[in-house]
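Line order of the protein sequences matches chains C and S. The numbering of the first sequence is my numbering, which starts it at 1 and goes up by one. The numbering of the second sequence is my numbering, which starts it at 1 and goes up by one.
Any given hint could be a false lead.
Unchecked claim - Reference listing, derived: stretches of chain C covered by chain S, where coverage requires no fewer than 3 residues with Cβ under 8 Å from a Cβ of chain S:
id, stretch
1, 18-32
2, 84-94
3, 160-168
It is worth saying that the hints were derived from the structure and are not from the lab. Since the model is a prediction, treat every value here as computed from it, not as a measurement. For glycine and all other residues, C-beta sits at the position ideal for the given N, C-alpha and C.
Protein chains: 2
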Amino acid sequence: MNLKAYLSEKRELVEAAMAQLMLPAQGELSPHIEAMRYSLFAGGKRIRPILCLATCEALGEDPSPFMPVICSLECIHTYSLIHDDLPAMDNDDLRRGKPTNHVVFGEAEAILAGDGLLTFAFDLLSSADLQPALTAEKQLQIIAILSRASGSLGMVGGQAIDIASEGKEIPFETLRYLHSCKTGALITAAVQMGAVLGNASSSQYRALTTYGQNIGLAFQIVDDLLNVEGTTEQLGKKAGSDAELDKATYPSFFGLEATHKKAKEAVAQAVDALIPFNTSADPLRELANYIYYRKR
Amino acid sequence: MNLKAYLSEKRELVEAAMAQLMLPAQGELSPHIEAMRYSLFAGGKRIRPILCLATCEALGEDPSPFMPVICSLECIHTYSLIHDDLPAMDNDDLRRGKPTNHVVFGEAEAILAGDGLLTFAFDLLSSADLQPALTAEKQLQIIAILSRASGSLGMVGGQAIDIASEGKEIPFETLRYLHSCKTGALITAAVQMGAVLGNASSSQYRALTTYGQNIGLAFQIVDDLLNVEGTTEQLGKKAGSDAELDKATYPSFFGLEATHKKAKEAVAQAVDALIPFNTSADPLRELANYIYYRKR
Numbered sequence: 001m002n003l004k005a006y007l008s009e010k011r012e013l014v015e016a017a018m019a020q021l022m023l024p025a026q027g028e029l030s031p032h033i034e035a036m037r038y039s040l041f042a043g044g045k046r047i048r049p050i051l052c053l054a055t056c057e058a059l060g061e062d063p064s065p066f067m068p069v070i071c072s073l074e075c076i077h078t079y080s081l082i083h084d085d086l087p088a089m090d091n092d093d094l095r096r097g098k099p100t101n102h103v104v105f106g107e108a109e110a111i112l113a114g115d116g117l118l119t120f121a122f123d124l125l126s127s128a129d130l131q132p133a134l135t136a137e138k139q140l141q142i143i144a145i146l147s148r149a150s151g152s153l154g155m156v157g158g159q160a161i162d163i164a165s166e167g168k169e170i171p172f173e174t175l176r177y178l179h180s181c182k183t184g185a186l187i188t189a190a191v192q193m194g195a196v197l198g199n200a201s202s203s204q205y206r207a208l209t210t211y212g213q214n215i216g217l218a219f220q221i222v223d224d225l226l227n228v229e230g231t232t233e234q235l236g237k238k239a240g241s242d243a244e245l246d247k248a249t250y251p252s253f254f255g256l257e258a259t260h261k262k263a264k265e266a267v268a269q270a271v272d273a274l275i276p277f278n279t280s281a282d283p284l285r286e287l288a289n290y291i292y293y294r295k296r
Numbered sequence: 001m002n003l004k005a006y007l008s009e010k011r012e013l014v015e016a017a018m019a020q021l022m023l024p025a026q027g028e029l030s031p032h033i034e035a036m037r038y039s040l041f042a043g044g045k046r047i048r049p050i051l052c053l054a055t056c057e058a059l060g061e062d063p064s065p066f067m068p069v070i071c072s073l074e075c076i077h078t079y080s081l082i083h084d085d086l087p088a089m090d091n092d093d094l095r096r097g098k099p100t101n102h103v104v105f106g107e108a109e110a111i112l113a114g115d116g117l118l119t120f121a122f123d124l125l126s127s128a129d130l131q132p133a134l135t136a137e138k139q140l141q142i143i144a145i146l147s148r149a150s151g152s153l154g155m156v157g158g159q160a161i162d163i164a165s166e167g168k169e170i171p172f173e174t175l176r177y178l179h180s181c182k183t184g185a186l187i188t189a190a191v192q193m194g195a196v197l198g199n200a201s202s203s204q205y206r207a208l209t210t211y212g213q214n215i216g217l218a219f220q221i222v223d224d225l226l227n228v229e230g231t232t233e234q235l236g237k238k239a240g241s242d243a244e245l246d247k248a249t250y251p252s253f254f255g256l257e258a259t260h261k262k263a264k265e266a267v268a269q270a271v272d273a274l275i276p277f278n279t280s281a282d283p284l285r286e287l288a289n290y291i292y293y294r295k296r
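Work out the full structure: start from the sequences and follow the hints.
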């Protein structure tokens, strides 16, 4: 299969659905809605919604009636980027080559744009329009998965630990937990939500969860690698100087070579988890490899 | 009935349930969970959960199996206070006589504590533990009510309009819309959620919605009044100097006397909406009056 064409096609599908589902910027709410739309449509690979969609397809189900569920993942991801970029958090001025939300709209509006997107995710997920394509039980199950994965026991908690760990030496166990919360939980949730949409059996759900956890892990390890290797280029320092950085990363614990190996192992385990699935799961298999090879 | 005793009893009930439902502060997440707990247990009248509970009781249903639903309202309310108090928003250092969340835990953690509480509300609402006391359909309906009322078309949107209106002259229509979003929507949702819990018929649901909208309106008008009358005392200015304030309020449009009249009218309309209900709705009737007479 041609993954590049697949990703491009699905990205357009997700973006078209988001454009249709997102609130229109009109009346007194215009500045607020514009702020939300600015970040939601600022580009991005749409990996989480595509994972959800591809998982549903891997199970032989047509994901097209479920676009609100699929798009809710991008609302959560986008809100997390807006809040993470705030001056009080990571204080980033640029995201995907564009000024960050608070730079354009101000801090107050950026906080509210994030709050609005986070809440809108649950508005999308609880919509009566999803019935009868989904049963109420499945809608609830999906809301439970997403709220748990994106909250204090998942993404928000991971960011909190990350911020609390800055400049501190942390044991590897903490780094692993932080990673699994901050990045892994939402990626795993995307796959699990697709599994619910696709009527996965219990054993399929477990296999897909293993897949999601491993690509989540690979995703974060590769982020660490890109960060260090980028730094190497920029600073002209030798690769391997990551131990000097304040932030604990996989390379700072294991060095670059062993970290590459760990990323590849996680990808291999993700692909192994898909053994029971037929060729409908090929996009998931390709996506796992893509996570290792992206930006290379 | 003795409203004071009623409020105190129900407040204790709500706080005991929140203490049980809220995540324990342990392990690496301790600072984050502590920040959430700090604001959640910083006092407050618990008006929104009590309204939800009292509405359920007004319909003859026992609210005790529904405490996660009832407590989710306080999670949303508390998160909104934490974010509203941030330096980039209203920049308040004190709330209920205690230092605000960001003063104690720092801005980054306050943003995350708010995000965590907001997300936790939907975690509570989607819990499988609520079944079979609630059907999945009702759980979904409640999630739809709360996400709509607390998001961009409700509370978050109202705060966004409020911040965008600071120092500007706005027409009364905008003020009314802002109020109905910022304060009214969540109060109305509390009543509507109680109506769903109590198996309200369509006509009961409509009557209770009218009740909720009117006490929401009364609540905000009284907030405006307390604000102006408090200012009068502090500054030693004559009552009626509200027009000098930057912020549009009911008194700035109508003067104090007419504003008091409007608050009392809203309370009367709320009570009128309860005519079809028997004495089980007395706490709701008393609560409507309490909203006008609180802090007097």
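Against the structure, the hints:
| no. | hint | verdict |
| --- | --- | --- |
| 1 | 18-32 | holds (count 5) |
| 2 | 84-94 | holds (count 3) |
| 3 | 160-168 | holds (count 4) |
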